[in-house]
Every structure is written in structure tokens, then in C-alpha cells.
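*Asks:* Following the hints, complete the assembly by docking chain E onto the known chain X.
This is what each chain is made of:
There are 2 protein chains.
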Amino acid sequence: MLGLMMNTPLLVSSILRHAENYNGDSEIVSRTVEGGTHRYSYADMAARAKKVANALAKFGLSPGDRVGTLAWNGYRHLELYYGISGAGYVCHTINPRLFHDQIEFIISHAGDQILFSDLSFLPILESLAPVLKGLKAVVILTDRAHMPVSEVLDLLCYEELIADESDSYDWPEFDENTACALCYTSGTSGAPKGVLYSHRSVVLHAMASSSADIMSISSSETVCPVVPMFHVNAWGMPYSVPMIGAKLVLPGAKLDGASLFSLFEEEGVTITAGVPTVWMGLLDWMDAHGRHFTTLKRAVIGGSAPAPALITRFRDKGVNVRHAWGMTETSPIGLASSLKPKHAVLDDEARLMLEAKQGRPVFGMEFRIEGTDGNPVPRDGKSYGAMLVRGPWVAAGYFNTPESPAHSGGWFDTGDVVTMDADGFVQIVDRNKDVVKSGGEWISSIELENIAQSHSAVKEAAVVARADARWGERPVLVVVLRDGARFTRDDMVDLFTDRISKWSIPEDLVVVDELPHTATGKLLKMKIREIVAARFAAMEPDDSILS
Amino acid sequence: MLGLMMNTPLLVSSILRHAENYNGDSEIVSRTVEGGTHRYSYADMAARAKKVANALAKFGLSPGDRVGTLAWNGYRHLELYYGISGAGYVCHTINPRLFHDQIEFIISHAGDQILFSDLSFLPILESLAPVLKGLKAVVILTDRAHMPVSEVLDLLCYEELIADESDSYDWPEFDENTACALCYTSGTSGAPKGVLYSHRSVVLHAMASSSADIMSISSSETVCPVVPMFHVNAWGMPYSVPMIGAKLVLPGAKLDGASLFSLFEEEGVTITAGVPTVWMGLLDWMDAHGRHFTTLKRAVIGGSAPAPALITRFRDKGVNVRHAWGMTETSPIGLASSLKPKHAVLDDEARLMLEAKQGRPVFGMEFRIEGTDGNPVPRDGKSYGAMLVRGPWVAAGYFNTPESPAHSGGWFDTGDVVTMDADGFVQIVDRNKDVVKSGGEWISSIELENIAQSHSAVKEAAVVARADARWGERPVLVVVLRDGARFTRDDMVDLFTDRISKWSIPEDLVVVDELPHTATGKLLKMKIREIVAARFAAMEPDDSILS
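Residue numbers (the working numbering), protein chains in the order written: chain X, 287 to 833; chain E, 287 to 833.
Bound-form chain X, shown alone (with noise of 0.2 angstroms):
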């Protein structure tokens, strides 16, 4: 027997029309590419997204049809978050950072119909020139006096199409599981894989994830999401915050210490998040300039895992941390590392390794921590076993890609080995392919890599596996120095001993100038073992920490 509740569906319409009605007047605020401060209102920006929905419809979409988007977190860049998917079509947000051949393919793969991009990325838009030829428009985010010339691509200004639309677009009601958004995970290996959001998970992804546990976003915070709009929706925060109705405040492109500093002084920011190379910049930046912030309480910060030490710095300037996990696949968030009160007893040694966790489960995805048996491990906050997820925000598959191995009886195969405890904090141990084998036991890069990280010498660590004749694997530190400090393989056994067991000591120390990432920041682990790999082809060490 079914309920008697009106099925009226979950849609991103929906957030827009409740920011608009009842938050018309709260502050959209943007750094834009042309230079200078923009702000407006929820009001405003609803009536634009009309525009673009209106002016979208004259190009002979169909619904379901896919509009690229590669623009840096801005106001124009959420009308169009709005205004396509309010519409029907499917917003694409490409990563503007990844390869040329990858962005190529995303276009190609995706099968966009019109891209819209803000003027920074003109180079890479004329290098695409062949590819979006075959587009219905590509359209410069900027106004008649910032129209770049192109000798190579026909090229329309935002600003003229929307300007004489109408502001009044009756927002279409359908199925709430209607694609969305579409998002394409720029892994380490592989070609890019499209996950296709819906309107249903946008929606709940945004509810769950500004709960009071995991981002806590009620409309007298102040947001600013640096993590970029084509970073997995920026977290959903372009969603989450207006349905919140909350002050809004987009960096633009600039995300260096200095301008990120002076936007959170001049708005008052009190919410933010992004990847923690940014946040060692801004940091970075303050104490060489002796800042202090006046208005931020609340850090988010995922991507990648904040060293321990970053939790501290941000913690002595006032600031709290809030670590959350999530991959592309999960919309993101699926982890966040809310205390409970159980933990105000913990002594702040104790308290930041909990906090450095990637977290506890927001309600709504589940998780299953599976051993190589195949059964649920103990949740002892040591037993290693492969992160499965389930969940209403979780990708099903990929787009237009008919079989994925990570899916598969129902859970989604994050391809991170983890541990959880009892409470449910979820440490990462490392991706399942760089754990380092070695006899017989696993052992983790990161918990390595983290140790390393909190010495005064080491700018930036990587911890990788190098084959081993007697025990399979054995571990090898990467490291890149600060300016004029030294680091000896002597120095990295002193540091290690009696923090880990004896046998997970990195075997080998090797100082490089700088360590490869992936276009989103993340170590090339891939990478580094080649470099290990030849570094060590031609000699064997002096003395094994294991011999």
C-alpha cells in the first residue's frame, strides 16, 4: 500500500524558486574574470537563469541534450547551472585544468551541444577549434567590451544573447531521476568517465550535506566554495547554499593566498571549502604577512586528506577544520569528520587524528568495509578492507559507457582500502593499487606519507612501493624539501621509529625537486614509482630497515 503523500518531485527548479521567493535579497558576491567585484541577489540571478533558459530554448535542444560549461566559479557559471538543468538539459562541467586530449574527449564523449566558457580559456577553446565546430554555439562568458577576437572559432557573447530574453520562464516539472548535471572523473588512469547526476541527487546531496554535522550551512553563515564549480559541482555547494538562502561568495580564477585572504575579509566569509593545496597558500600567505581572520569559523576540506599539521594551523588561527571525503562518483560527500560529544574528553593530540580522518557516513549512504573474503571487516579502526557505497547520490554507472567493473550487486567500489571504527570514522589507508605489499602485510602510503609531512624539512611527501626480491614491496619516501632544509635517509629513520612498526619504515629516501600530480592536484603515484623504479634500477641499498 503506497502513502498518501503528493509526489511532488525533488528538482534543482526547486532551489532556485525557494532562493528566489523567500531569500530574493541575499548576496550573490563574485571576483570576475574580467577583474573587479560583481554582486547581486538571489533574485536577480534566479531572473537571469530565465534569461539563459529562454535564450537556451531558441537553439533547438532537446531535453536531455548536454551544454558544457568551462568556467570558473562565478555568477554567470551559476546561472547556467540553473537555467540549464532548470530547463531540462544537462549541465557539463569540464575541468578547464585537465590535458588537452582529455578535454577533447570529454567534449566528443559527452556529445555537448553548446559550450559555455569564460574568457581565460580562449587558448584552449581555439586548440579545440575542430572539435567545437561541430557545436551549435560557443558562447564567451562576458559583456560586448570583453569580447575576445578569434581568427579561428565563431564566437557569441553571453551578455548579448540573454539580453533581450525574457525574465519569466515557467521551470518545466518532470521526473525527479531527470539528468542533471554531468561530471567526468579525471582518474589517474583510464579515459575520463562521466557520472550523470539527477535532479533527485542533486537535491538530496544538497540537504544531507548542509546538515549541522557535515558543512552546517544556515542562512546567517556567509559561503564561499573555492573549490572550483567544475570540481564535482563544487561540492554541491552551488546548490546546497541557495537552498539554504545563505550570503554566496564566488573566488573567480584567482586562488592564490593574497586574493583569497582579502575576498573572505572584505565578505565576511564564515563557511569555506577546498583541496588543501590552496589552504597551505592562503596559510602561507597569512603568516608571511602576519594576518589574522576576523570573520572565518569554518574550513571544509577534502580532495584530498589535510596533513594533520594543516588542521593545527588552521585550528591556532581560530579556524575549524571539517574534513569530508567524497569522490566524483558519490556526488561527493559521503564522509565528514564531526566530533561526537563523547570526544570533547580527548586531548587535542587525540582529538586531531580523529578530525584528520576522512570522517563518519552522512546519513543516506551506506557503507560496507569488505575484507578480501568478501565479508565485512571488524569495525576496530584497524582492520584494512576494500570501501563499498550505496546510497540515493551514488553514481550506477557511467555515461554512455556500458560496463563498469567498480559497479557491480548493488555497491559502488570507491577503490579506497579504509579502515573504520566503531563510531564509524573511516581512515583511508590508501587506494587499493598503491598500498605497499610487503610480506604478507599492508601498509598504508598515506599514514607514511602523513608522518612525513609533519617534519619541518619536508615541503611534500609521496610514499610508493618498489619491488622487492624478499619481501614482494617494500616502501620507498619521496620528498620535496623547503628552501635551504635538509632531510637524510638517517633523518627519515628517526622520524619514523617508534611512530609505525619497524617493517612499515620506508626503506629508501629519495629527494626530488618537485613530486608530478594530476591535472585536480593529486599525486601521480603512477608516476613516482616509474621515478623510484629507475632511481633504484641500477644499485641496491646499503643497509634494509628489515635486514
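Worth double-checking, as some hints may not be accurate.
One copy or any two copies: either way a pair holds, since identical chains are not told apart in the list.
Within a straight-line C-alpha distance of at most 30 angstroms, the following computed DSSO-like cross-link-like pairs (lysine-lysine) qualify [said to hold, decoys possible]:
id, residue 1, residue 2
1, K626, K603
2, K583, K626
3, K626, K337
4, K808, K745
5, K628, K723
6, K628, K337
7, K603, K628
8, K745, K668
9, K813, K603
10, K583, K603
11, K419, K813
12, K337, K419
13, K583, K628
14, K626, K668
15, K603, K344
16, K422, K337
17, K719, K808
No lab work stands behind these hints: they were computed from the structure. Quick caveat: nothing in here was measured; it's all calculated off a predicted structure.
*Replies:* Below, chain E without anything else, positioned relative to chain X:
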């Protein structure tokens, strides 16, 4: 084109599973009907809910069958919520404060197969014996030692029923639109009508109502729903609090000031929710005994509007009041009076006026304030209109009732006449049927009642219409005075003069010993109109306000 996300259903069992897995050690504390305090954990609760599901399976119920409860807020009632709904049956909470005939009607109309009842309600059960004998079982929520003896009914003992059942049970997965819970409205007129909630509506309502601007429930709170679990599912808290994993405190049968105060203090309650009557009792007791709250920080008030004086009394005790509005048909929460940042500059009086309003729309609920011409009225905070609502947790009709005039065109007519301002703050001007229509103008009985209530002599006030040859209707104030207090018609005119337009000042004053209420504590306006009509049947007032 549909998105490619998992179609994991939103089910009540997913709330329980989350609580059990990740907040298994969070506490549930109950004052029991038998006397004393019971405490256990979410893990314990989940284990016993599974025993309930296993026990229910033996009665030969079919999916969708209704199982009734007649119980206070306590742990066994909570186990039934999850055990019944989780297994695919419908948890039908019955309000024991209703009149005998209403309860009899409700049990029959719902087609309850089994009834679970607290000890306290044995007299009700025995009076219902002819109806209850048709049920598969009547189970008393107690242990063998406390089992009552009944001459007229065969009663089962809850603890015996579940004692030998397994605490292992696989919650079935089904369509999220499946019926989950049933609650009858106890309107002021007509037969009670059943609202049949779905798993989807319950889960979405719990997510929305726990958010930062509504109840703001985080896992570090201790939440005490004083509003009964038979009163629109205690406003969703038996679902939202376990969803978040906060400590849950259930007050049992004793809702007097002394009992609530000691419970709040002993258990460290930080958030509570209930109707104004209960709070007046609590604050009066505290004032009489010179006591102060040490942990409580927020009181959600609903059911009927809190007088501004009540909000002030709470604030003076360090407690922030959040007025929330809802109905059985809206699950219930649709509005909450959380202020926006711009309201920080308001003076106390203006702030209070805003907080006393029914509040702003919760995301997910859509509102239409419709004038007599069928068009939306201006959002100026002054223009009146009928309040229509829609959304995923709004009833689409009533159980086992073919037609509902209140449901049409995709909207539910709340029966309230309201204003809405530009921020979405709704103020109920009156029930559509209680508005005083005088000389072509609408006069809000509630606005007049609030003013009367602010006078020190007035204990309780009601305003109703009385027929008037010249003006159609004129308002009459009916008051209960505080012990020994004096309040004349001249006092009344003085009180209202300059606070409202002259034509809105009540025409006459009637002092009574007590006012009639519905079973759920609402003023019985129909009855009050009869009292007033009888009083004035034989006489005309000396001087009219409008003469």
C-alpha cells in the same frame, strides 16, 4: 534522459540502520509509565525493534496493515515506530486525549489489526472492548510484573511478546512511496481524517526539519520532544534525532513543570519542542521555585502560536524560541521563524514580532497565498489570503476517504488566512472560518487575542464573531482572568485603543471561568461562538465602538 544514479529508496529502516551503525552508543533516556528512568542506546533500540518486527511476523499481517499505538513518548513506543514501519506495516499513532467516540471511530476506520498501549490507558482500552475484541491482539507496553488484570480484554505483555524473538532481522527494501505511518487529524469539526505518510515523506521531512534554520539538530545536541509521539509523529523527532544520532530524551506521561524541569536538568537537554500550554506550565513552575535552566538553549514551539510574552519569558531564561508551523497534513513542519542576518539590527520589540510569526518556508514546501480572486496576494505582510501548500511531505488526500475538498489542483488548502512578507515570513491572521468579517473588512481574531493576552489581568483570551445587523459581524473578546484580577470593558477599550484600527476593537467583553478546548488544547471557537451568542441573545450592548 534519466540520470545514472542508484535508485536506493528513502526508508525509515535506513534511519535505524544509520543510528545503529554509527551512533550505536548514543543514549535514549525515557521516563517510564511504570515510574523511574530507563536508559539504553540506539544499538539496544535497534536490536529490540528487530525483535518487534520478528514478533509481528507471527500474527499473519500483510504489508500495509495498520498497527495502532496508544502511548506516551518512551523507548518502547520508539521501538514500535521502527519495528512496525521498518517491516512494511503502517504505524498508526492514536491520540489518547481524544474523546472515546473519536478513538473508536479512528481504530475502526484505520482497520487496525493489533493495538499496542501504555499501561495508563487501560480504562480507555476497556471502554473500547467491543471494538478491540475484533483485533488480532492488544499488547500492553510493559513487563510481566506490571501487567494489569482485565476482566473484559485478553491482553498480551510486550516484554513477553518480544523476549524470545531474535534480534536479527533484515529490513525489507521496498518502494519509498510505501505507506509508513498514519495519524488522524482531530479537527474542531467533522470526523477525524487520516493522513497516511510514506517512507519518502517521513525521511525527507526529517532531513528538512533537522536542518540548521529549522530545528538545528547536530549530534552534539540532547533533544527532548515534549510534543507527544501521537501528535503528528512528535513533529518528526523520533525520525530526525536518530537520523542525526543525537541523544534522545523521552518524557513519558508527566509533562508538568516540575517533571519537565528535573528531566531537562538531569539529562542536559539542549533542544526541546512542544506546545505553548506545556511551556507556560514549565515557566510558571520555575518562576514559583526560582529555578534556572543550565543546559537548554532552544525551544521549538508549535501546535498553536506562542504569545510574544512566552517568547520573552523563555529569552529571559537564556532560551531561544523558534516558532514553527505545521499541520498533520504537512508532516508537520512547513514554516519556522528563524531570522535572517539582516534582522540583527532590529530592536527587541521588532525582533519579537517577527519571531512570533509562524515563520518562513522550509525548503521543499511551496506556498501560495491566494486572495478571494484566486490570484496570489501581494507579499507585503499585510494583505490577507488563503494559505495553500504543496510539497513531498504534504498529504495528497485522506486515508480511506474518497474526496477531500481541501485538496485540489495539486495544492492543499490549509484553512488558514495569512499574510506573507517579502522574506517569506507568514503570519496566520486567522482560521478561514474564525476570521471576523466586519463591514467588508477582515479582522483577525488571533491578533486581538494576542493583544488581550498581553494584559496582566488576562489568563487566557478568545475572540469570536457575533452577528451584527449593521456590520455583518463584530468581534467579541472572551477572557479568563487571573486569580483576583479585574478587567472591565473600559479596560479592554483602553488596551486596544491606538494598538489597532478602531473598527477592529472588540465590541464586547465576556468574562468566563474557563474556555472550552479541543482534545489537543486548541480553543474550541465554535463552542465559544455559541456561548457568546447565548449571552447576547437577549440584550443589545449599551454603546457600540463604532457608533
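*Asks:* For every hint, state whether the structure bears it out.
*Replies:* Structure-based check of each hint:
{"no.": "1", "hint": "K626 / K603", "in the structure": "both (23 angstroms within a copy, 27 angstroms between copies)"}
{"no.": "2", "hint": "K583 / K626", "in the structure": "both (19 angstroms within a copy, 19 angstroms between copies)"}
{"no.": "3", "hint": "K626 / K337", "in the structure": "between (46 angstroms within a copy, 28 angstroms between copies)"}
{"no.": "4", "hint": "K808 / K745", "in the structure": "within (15 angstroms within a copy, 67 angstroms between copies)"}
{"no.": "5", "hint": "K628 / K723", "in the structure": "neither (36 angstroms within a copy, 57 angstroms between copies)"}
{"no.": "6", "hint": "K628 / K337", "in the structure": "between (51 angstroms within a copy, 29 angstroms between copies)"}
{"no.": "7", "hint": "K603 / K628", "in the structure": "both (25 angstroms within a copy, 27 angstroms between copies)"}
{"no.": "8", "hint": "K745 / K668", "in the structure": "within (28 angstroms within a copy, 62 angstroms between copies)"}
{"no.": "9", "hint": "K813 / K603", "in the structure": "neither (36 angstroms within a copy, 63 angstroms between copies)"}
{"no.": "10", "hint": "K583 / K603", "in the structure": "both (9 angstroms within a copy, 27 angstroms between copies)"}
{"no.": "11", "hint": "K419 / K813", "in the structure": "neither (35 angstroms within a copy, 76 angstroms between copies)"}
{"no.": "12", "hint": "K337 / K419", "in the structure": "within (25 angstroms within a copy, 65 angstroms between copies)"}
{"no.": "13", "hint": "K583 / K628", "in the structure": "both (22 angstroms within a copy, 20 angstroms between copies)"}
{"no.": "14", "hint": "K626 / K668", "in the structure": "within (20 angstroms within a copy, 45 angstroms between copies)"}
{"no.": "15", "hint": "K603 / K344", "in the structure": "neither (51 angstroms within a copy, 60 angstroms between copies)"}
{"no.": "16", "hint": "K422 / K337", "in the structure": "within (18 angstroms within a copy, 61 angstroms between copies)"}
{"no.": "17", "hint": "K719 / K808", "in the structure": "within (15 angstroms within a copy, 64 angstroms between copies)"}
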